[in-house]
Amino acid sequence: MSMIQTLYDAILNGNAKAAKEITQTSLAAGGNPQSLVDDTMIPAMNEVGRRYEANEYFVPELLIAARAMKASLELIRPLLTARGAEPVGRVVIGTVQGDLHDIGKNLVGAMLEGAGFEVIDLGVDVSPEKFIAAAKDRNARLVALSALLTTTMHSMKAVLEKLREAGIRDNVKVMIGGAPVTQKYADEIGADGYSSNANAAVALARKLMAA
Amino acid sequence: MTPKERWLATFAGEKPDRIPTDYWATDEVTARLFAELGCRNIEELYTRLHIDGLIVVDPPRRDEHRAGDPGADLWGLRRRLIGYGAGEYDEFVNHPLAELTTVEELEAYPWPSADDHDYDAFCDMLRAVPAHRMVRSGNFEPFLIYAGLRGLEQALVDLVENQEFVEAALARMFRYYFALAERTFEAGKGRIGVTYIAEDLGGQTSLLMSRAQIRKFLLPNQKTMADLARSHGIHIFYHTDGAVRTVIPDLLDVTGIELLNPIQWRCPGMEREGLVRDFGKRLIFHGAMDNQQTMPFGTPADVRAEVIANIEIFRGARWVCAPCHNLQPVTPTANILALYDTIHAQGAL
Numbered sequence: 001m002s003m004i005q006t007l008y009d010a011i012l013n014g015n016a017k018a019a020k021e022i023t024q025t026s027l028a029a030g031g032n033p034q035s036l037v038d039d040t041m042i043p044a045m046n047e048v049g050r051r052y053e054a055n056e057y058f059v060p061e062l063l064i065a066a067r068a069m070k071a072s073l074e075l076i077r078p079l080l081t082a083r084g085a086e087p088v089g090r091v092v093i094g095t096v097q098g099d100l101h102d103i104g105k106n107l108v109g110a111m112l113e114g115a116g117f118e119v120i121d122l123g124v125d126v127s128p129e130k131f132i133a134a135a136k137d138r139n140a141r142l143v144a145l146s147a148l149l150t151t152t153m154h155s156m157k158a159v160l161e162k163l164r165e166a167g168i169r170d171n172v173k174v175m176i177g178g179a180p181v182t183q184k185y186a187d188e189i190g191a192d193g194y195s196s197n198a199n200a201a202v203a204l205a206r207k208l209m210a211a
Numbered sequence: 001m002t003p004k005e006r007w008l009a010t011f012a013g014e015k016p017d018r019i020p021t022d023y024w025a026t027d028e029v030t031a032r033l034f035a036e037l038g039c040r041n042i043e044e045l046y047t048r049l050h051i052d053g054l055i056v057v058d059p060p061r062r063d064e065h066r067a068g069d070p071g072a073d074l075w076g077l078r079r080r081l082i083g084y085g086a087g088e089y090d091e092f093v094n095h096p097l098a099e100l101t102t103v104e105e106l107e108a109y110p111w112p113s114a115d116d117h118d119y120d121a122f123c124d125m126l127r128a129v130p131a132h133r134m135v136r137s138g139n140f141e142p143f144l145i146y147a148g149l150r151g152l153e154q155a156l157v158d159l160v161e162n163q164e165f166v167e168a169a170l171a172r173m174f175r176y177y178f179a180l181a182e183r184t185f186e187a188g189k190g191r192i193g194v195t196y197i198a199e200d201l202g203g204q205t206s207l208l209m210s211r212a213q214i215r216k217f218l219l220p221n222q223k224t225m226a227d228l229a230r231s232h233g234i235h236i237f238y239h240t241d242g243a244v245r246t247v248i249p250d251l252l253d254v255t256g257i258e259l260l261n262p263i264q265w266r267c268p269g270m271e272r273e274g275l276v277r278d279f280g281k282r283l284i285f286h287g288a289m290d291n292q293q294t295m296p297f298g299t300p301a302d303v304r305a306e307v308i309a310n311i312e313i314f315r316g317a318r319w320v321c322a323p324c325h326n327l328q329p330v331t332p333t334a335n336i337l338a339l340y341d342t343i344h345a346q347g348a349l
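Taken in order, these protein sequences are the chains called A and U. Quick note: the first sequence uses the working numbering, first residue 1, plus one each step. Quick note: the second sequence uses the working numbering, first residue 1, plus one each step.
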């Protein structure tokens, strides 16, 4: 079995220890870090997402796959940065003001990272001002907002208003998600996209980047 | 019929005089309804809105907090009120089991005991419940607590990676819950109508964990708790949020549930017609008034239409009309009144 195949399997099976060891061995042997990402990590996380959507994987399997992917990526990322490699896109992500529920946001962040995006995670209970400052400072093309509660989802609207006030609404695409959030709500507040799950969020982010 | 008779008839598979109703809301919503409707207490509110609501009574802790740690609850969990503008929510802010790795460390943790509760005070509380009301006692939702103790993500990861640890923790928690339930049911003999067994198994679009994980880690203890309740003639109220269609057969066959709450019918697989078709003979449907769109953001006309649609869809099955989970402060009073006024006007059977 090739090295590539085993890293693929390590991610798919959520084996962080193996993923890290295989990545170390591969890089020490002169493996190309960019091709590890493009040819192994991204296909592995695509397969994880497919299994999740097909109800073969559930949140526990998604979490351990993401952790294995991150263990590998931590070793690869400094090498990519040193080469001046650009990520697929930069995403600022967080749960909106008043909302501490972050598992959905974390899964979306991990799947985006696994798809080659640079994810700037602002954490939970993030004010509109913080989203705007991070999008500006980090030159992010995407802003991803998460909310679990009907009482907090309206903070999403405030973020969009602040982006307009700051004059950078046209520079970024805004995607939203979370239990009570719908496409209808995205349309109402003028967000660029809505996704109902972490796998679909990756497809949406790719689409928005290409738009 | 009295509210209690309505509940008992529904559980017995008989036809009550009208569709029973229940009430779930945050404290802010209840306080607002009290003020706007001139009600002084929950009995007045239930009478005013014709709500058959269950009255939740549990043996209080002798000391609300654990010894030497006034900031923590019985589990060692600390909560903090997080404001979101229109109100506040109590959220866990520590995870006391997060750093533990062995079953020995788990055993050494200061777990709560059934002795910590005051059963005399519980009996006094039961006596204060009006005779026409149905009492709900006992509350078994251990994975929710485990997720608080470990942190939600670690708790879910444990189902794959630390199976011995999570099993030991759930077994230890079960010992407390079972002893508490035995003493609760004994103390409340003849007064308790329903017990609450729950676990949030579903997310918005699918199960959070696999059926195999649910069967292995959660259902056996649920069945034992349900059997205990049944042996006391107490009915099972089962709560799980989300898209849980695929696990309902297990809940019926293993846990032995009688009533399922909250029926989030906008979630995939939770379409009401299909649930009635497949499970309507065995299951009481509780909830089904959508609390993510209709109740908070719909108009009173939307709420009325949903009540009427539910009456039609659940005709021939058993339905308790209630919001899907706690009404939130973003829900207009007019929508809440539309719910209870419509079911009162249209809900005769």
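Treat the hints loosely; a few may be bogus.
Claimed, not checked - Over the 12 Å line for every Cβ pair with chain U, so calculated as not near, a few chain A residues:
1) Asp9
2) Ala28
3) Asn32
4) Glu53
5) Ala82
6) Pro87
7) Glu129
8) Ala133
Claimed, not checked - A few chain U residues facing chain A, derived, Cβ under 7 Å:
9) Ala86
10) Glu88
11) Asn94
12) Val157
13) Asp200
14) Gln204
15) Ser206
16) Met209
17) Gln292
Just so you know, the hints here were simulated from the structure itself, not pulled from any lab data. These numbers were taken from a predicted model, which means no experiment stands behind them. Backbone N, C-alpha and C fix where the C-beta goes; we use that ideal spot for every residue, glycine too.
We went through each hint and held it up to the structure:
Distance check on A/Asp9: its Cβ is at least 16 Å (rounded) from any Cβ of chain U, clearing the 12 Å threshold; non-interface status holds. In this structure A/Ala28 is separated from chain U by more than 12 Å, as the shortest Cβ-Cβ distance comes to about 27 Å. With a least beta-carbon separation of about 31 Å from chain U, A/Asn32 lies farther than 12 Å from that chain, consistent with its non-interface assignment. Its closest Cβ contact with chain U, about 9 Å, brings A/Glu53 to no more than 12 Å, contrary to its assignment away from the interface.
The non-interface label for A/Ala82 is consistent with chain U: the shortest C-beta to C-beta separation is roughly 31 Å, beyond 12 Å. With 12 Å as the threshold on Cβ separation, the claim that A/Pro87 sits away from chain U holds: the shortest Cβ distance comes to roughly 24 Å. Every beta carbon of chain U lies more than 12 Å from that of A/Glu129, the smallest distance being close to 16 Å; the non-interface claim holds. Taking the minimum C-beta to C-beta distance to chain U, about 21 Å, the non-interface status of A/Ala133 holds against the 12 Å cut.
Restraint check, U/Ala86 versus chain A: the minimum CB separation of about 6 Å is within 7 Å; hint holds. Because the smallest distance between the Cβ of U/Glu88 and any Cβ of chain A comes to about 9 Å, over 7 Å, the interface hint for this residue is violated. Checking U/Asn94 against chain A: minimum C-beta separation of about 13 Å lies over 7 Å; hint violated. Interface restraint check: U/Val157 against chain A, minimum CB-CB distance 5 Å, threshold 7 Å, status holds.
Annotation: U/Asp200 was flagged as interfacial toward chain A, and the flag is violated, the nearest CB pair being 11 Å apart, outside 7 Å. Interface hint at U/Gln204: satisfied, since its Cβ lies 5 Å from the closest Cβ of chain A, which is below the 7 Å cut-off. At about 6 Å, the closest approach between the beta carbon of U/Ser206 and any beta carbon in chain A falls short of 7 Å, and the interface hint on this residue holds. Using the Cβ-Cβ criterion of 7 Å, the hint placing U/Met209 at the interface with chain A is satisfied: the shortest such distance is roughly 5 Å.
The restraint placing U/Gln292 at the interface with chain A holds, with a minimum CB-CB distance near 4 Å, inside the 7 Å limit.
The structure shown violates the earlier hints numbered 4, 10, 11, 13.
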